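Protein chains: 2
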Amino acid sequence: MSKEIILTGDRPTGPLHLGHYVGSLLNRVTLQQQYKQYVMLADIQALTDNYENPDKVRSNILEVAADYLAVGIDPTKTTIFLQSQIPQIAELAIFYANLVTVARLSRNPTVKTEIQQRGFGESIPVGFFIYPIHQAADITVVKGTLVPVGEDQLPMIEQTNEIVRTFNRLYHTDVLKETKAMIPKVGRLPGIDGKAKMGKSLGNAIFLSDPADVLHKKVMSMFTDPDHLKVSDPGKIEGNTVFEYLDAFGTDTTQIAAYKEQYQRGGLGDVTVKKYLYEVLDSLLGPIRERRATYAANPDYLMKILHEGTQATLEVAQQTMADVKKAMKLQYF
Amino acid sequence: MSKEIILTGDRPTGPLHLGHYVGSLLNRVTLQQQYKQYVMLADIQALTDNYENPDKVRSNILEVAADYLAVGIDPTKTTIFLQSQIPQIAELAIFYANLVTVARLSRNPTVKTEIQQRGFGESIPVGFFIYPIHQAADITVVKGTLVPVGEDQLPMIEQTNEIVRTFNRLYHTDVLKETKAMIPKVGRLPGIDGKAKMGKSLGNAIFLSDPADVLHKKVMSMFTDPDHLKVSDPGKIEGNTVFEYLDAFGTDTTQIAAYKEQYQRGGLGDVTVKKYLYEVLDSLLGPIRERRATYAANPDYLMKILHEGTQATLEVAQQTMADVKKAMKLQYF
Numbered sequence: 001m002s003k004e005i006i007l008t009g010d011r012p013t014g015p016l017h018l019g020h021y022v023g024s025l026l027n028r029v030t031l032q033q034q035y036k037q038y039v040m041l042a043d044i045q046a047l048t049d050n051y052e053n054p055d056k057v058r059s060n061i062l063e064v065a066a067d068y069l070a071v072g073i074d075p076t077k078t079t080i081f082l083q084s085q086i087p088q089i090a091e092l093a094i095f096y097a098n099l100v101t102v103a104r105l106s107r108n109p110t111v112k113t114e115i116q117q118r119g120f121g122e123s124i125p126v127g128f129f130i131y132p133i134h135q136a137a138d139i140t141v142v143k144g145t146l147v148p149v150g151e152d153q154l155p156m157i158e159q160t161n162e163i164v165r166t167f168n169r170l171y172h173t174d175v176l177k178e179t180k181a182m183i184p185k186v187g188r189l190p191g192i193d194g195k196a197k198m199g200k201s202l203g204n205a206i207f208l209s210d211p212a213d214v215l216h217k218k219v220m221s222m223f224t225d226p227d228h229l230k231v232s233d234p235g236k237i238e239g240n241t242v243f244e245y246l247d248a249f250g251t252d253t254t255q256i257a258a259y260k261e262q263y264q265r266g267g268l269g270d271v272t273v274k275k276y277l278y279e280v281l282d283s284l285l286g287p288i289r290e291r292r293a294t295y296a297a298n299p300d301y302l303m304k305i306l307h308e309g310t311q312a313t314l315e316v317a318q319q320t321m322a323d324v325k326k327a328m329k330l331q332y333f
Numbered sequence: 001m002s003k004e005i006i007l008t009g010d011r012p013t014g015p016l017h018l019g020h021y022v023g024s025l026l027n028r029v030t031l032q033q034q035y036k037q038y039v040m041l042a043d044i045q046a047l048t049d050n051y052e053n054p055d056k057v058r059s060n061i062l063e064v065a066a067d068y069l070a071v072g073i074d075p076t077k078t079t080i081f082l083q084s085q086i087p088q089i090a091e092l093a094i095f096y097a098n099l100v101t102v103a104r105l106s107r108n109p110t111v112k113t114e115i116q117q118r119g120f121g122e123s124i125p126v127g128f129f130i131y132p133i134h135q136a137a138d139i140t141v142v143k144g145t146l147v148p149v150g151e152d153q154l155p156m157i158e159q160t161n162e163i164v165r166t167f168n169r170l171y172h173t174d175v176l177k178e179t180k181a182m183i184p185k186v187g188r189l190p191g192i193d194g195k196a197k198m199g200k201s202l203g204n205a206i207f208l209s210d211p212a213d214v215l216h217k218k219v220m221s222m223f224t225d226p227d228h229l230k231v232s233d234p235g236k237i238e239g240n241t242v243f244e245y246l247d248a249f250g251t252d253t254t255q256i257a258a259y260k261e262q263y264q265r266g267g268l269g270d271v272t273v274k275k276y277l278y279e280v281l282d283s284l285l286g287p288i289r290e291r292r293a294t295y296a297a298n299p300d301y302l303m304k305i306l307h308e309g310t311q312a313t314l315e316v317a318q319q320t321m322a323d324v325k326k327a328m329k330l331q332y333f
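Read top to bottom, the protein sequences are chains A and B.
Under my numbering, residues 1 to 333 are what the first sequence spells out, in order.
Under my numbering, residues 1 to 333 are what the second sequence spells out, in order.
Only chain A is shown next, with the shape it has when bound in the complex (with noise of 0.2 angstroms):
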């Protein structure tokens, strides 16, 4: 087994859905079987934009567990937290804090851009402001070597490895680890309205969840060529949604390639091919969606392995805070 150790996680502010399916669940299904994976459910995180709603946080945790599971991340292989519940990273990030200018955190892109995209203008909250050196914290507390993340996150990796230099350099130490960015290679899955992004804010997604009749409501609804009005017209097959998901999920390329020729030439219906992608997403979620209600049926269960994995992390985290206080010199008793 490699010595990298990968952290990841999500924020627990809904149900995941095949976005989250394609771009990140089935590589940490793959990266169990290779490197000490640690997956964080980013409770404090997800309160940074929901701290008048704790309800929906807390409602999502359990919610998140059972797509862990259901997808095939293994609670003997990933060890699976509540980042609430590891107090050691509150202390780095407070530490860290002294380490980090306000202009440095100004200058972060990733913080820019959520700003814009949220529209906080003058009200940023500090915590959202200060998230990039939380994230330091998180990322070595468990002294995380390898993070899957996409592109636009590349600024948060190079500001926790300033950190961990910056540390390093004042403490006369090597207790940090920098910190390696792994960019999965997969595009990113757009929304059932043909939008570039699929999101729970924005409506469009299809949740690992969903119930077969949902599931089939949402492909029928989907987003295909608008100028594709009678059966026998040609279609487009380039930013058709539904194409676009057969091209991601279907394993029949044989009658795939079939479809797109006759789509493209006139004579195959919106119903059809939507009827057929039904059939291989249910093929897919199915399954997934079965032992997501046993596992949802079973909440003492799910919160046995979230209390297990939040132990096994807390063993981490205090070796990593008595190493950094020892740092500091800060050991006392």
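You may find that some hints are simply not true.
Same chains, same names: a pair is fine if it fits in one copy or spans any two.
Unchecked claim - Using 20 angstroms as the maximum straight-line C-alpha spacing, the simulated PhoX-like pairs for lysine-lysine come out as follows:
#, residue 1, residue 2
1, Lys-143, Lys-218
2, Lys-326, Lys-56
3, Lys-304, Lys-329
4, Lys-56, Lys-325
5, Lys-56, Lys-200
6, Lys-329, Lys-56
7, Lys-217, Lys-195
Hints were generated in silico from the structure; no laboratory data involved.
A quick note: this is a predicted structure, and the numbers were derived from the prediction, not measured.
Given chain A, put chain B in place with the hints provided.
Using the frame of chain A, we list chain B on its own:
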């Protein structure tokens, strides 16, 4: 005994001096009779502008603890604790960071002033910038309701109460308590160079730990009336540090009044009145110096006092964190 809970403390960046004695230490010796009092050694705060020098902070912790006991702070009445050993302070600070905007922090007059004084310019460390939030965590972690501070620290108290009110409102709770400033009546003691403020970094301080010969040397070098050149010249007592100290520390008011009269008329030399001040100060500081030497020679005892105080504080902090996490619905296992 009053139900109020006092939090006060010092940054352990050097041994304490006569300015501390007059401005806060004497007050604490009185307050401990009547109130539950916590005295915090703010070693994390000390690191915000000494992060490159942890040794300095570490070595001064025992110095300051010896000062405390020497002046009569009684560990059976006052709980003395180390900020760095209470992880709940960092956890609270991270929670509170969501409740304060960057714009609000930037307007904090204390932060503004200190940024100017310390010449941070554009490169303010985040740890320093967010210190008002951290201070709210210091106070509320022990459910402090009274904080002895100077007028210049009032904005810090206001920031704390804003956080308390916002937290209680958002999470429909009353677990956090508002706090009141307790502004001591005593004036500020000037430095031995006549400058308005005594400070260790200003090089104009008389330390509680100064040996008798050092005290003698400092008193003999004190700023007086620069126009009082010959013994026979009339001298000014206004702005004359020696007389200000006599007013602050002398007990024989008849003798002091006689000296003042003679000095203003002419015929009293600086050396005579300085020798008298030396005796006044040495009769105050001699016993403190002696007790201090005994404590300083017994670091194990000092560490035991700090350990016990920290353990007691930790129990209170755990209770506060349990209350806070319950309100935020972050209790899981």
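Right, here's what the structure says about each hint:
1. Lys-143 to Lys-218: neither (42 angstroms within a copy, 52 angstroms between copies)
2. Lys-326 to Lys-56: between (39 angstroms within a copy, 15 angstroms between copies)
3. Lys-304 to Lys-329: Between. Shortest inter-copy distance 18 angstroms satisfies the 20 angstroms Cα cut-off; intra-copy 36 angstroms does not.
4. Lys-56 to Lys-325: between (35 angstroms within a copy, 15 angstroms between copies)
5. Lys-56 to Lys-200: within (13 angstroms within a copy, 51 angstroms between copies)
6. Lys-329 to Lys-56: The answer is between: 10 angstroms across copies meets 20 angstroms, while 40 angstroms in one copy does not.
7. Lys-217 to Lys-195: within (18 angstroms within a copy, 79 angstroms between copies)
Of the numbered hints given earlier, the model fails hint 1 alone.
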